[in-house]
Amino acid sequence: TQLPFPAAPFDDYPFIIEPNTLELERDASGEVTLWCFPTKEGNFADKLICTVEHNPEAYVFPVGAYGAVPRIEMDPAPEEGKSEAAIEFGRLLLREGATK
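Numbering-wise (this note's numbering), the sequence shown opens with residue 99 and increments by one.
Derived from the structure by calculation, the hints contain no laboratory data.
Ideal Cβ positions, reconstructed from N, Cα and C, are used throughout, including at glycine.
A couple of the hints might just be wrong.
[Stated by the list, open to error] Pairwise CB distance ranges, derived in the manner of DEER restraints:
no.	residue 1	residue 2	range
1	A106	R189	36 to 46 Å
2	R169	E123	45 to 55 Å
3	D125	R169	41 to 51 Å
4	E171	L192	20 to 30 Å
5	K180	P160	42 to 52 Å
6	E186	Y157	23 to 33 Å
7	D110	E151	22 to 32 Å
8	V130	E178	47 to 57 Å
9	E186	A166	21 to 31 Å
Construct the entire structure; sequences and hints are all you get.
Here is the structure:
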């Protein structure tokens with residue numbers, strides 16, 4: 099029996115799993131992908147529960163993540179010739195890093 103995948107507020111449960119159901123033949127294996135996209139700071143925990151047909155015992159895999167809010171501290175004094183303090187990185191390509 100396939101149970102419906104529960105719907106929950108994303109802010110409280112930021113985990114996404116694909117596919118949300120997976121049916122396998124005997125001795126077969128499959129792959130699921132689990133993501134977490136926290137929208138606020140704090141610890142998030144949930145469980146990935148796997149069931150096997152005709153087996154009353156479920157397999158429970160605890161999952162967890164920590165959401166963080168990026169922060170930066172700057173000297174509030176603007177650079178000479180600028181009206182406000184700013185960090186300018188200019189143009190960056192995707193996956194390109196810069197340090198200032």
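Checklist entry - Going back to the hint list, which numbers does this structure go against? => result Those not satisfied come down to hint 6.
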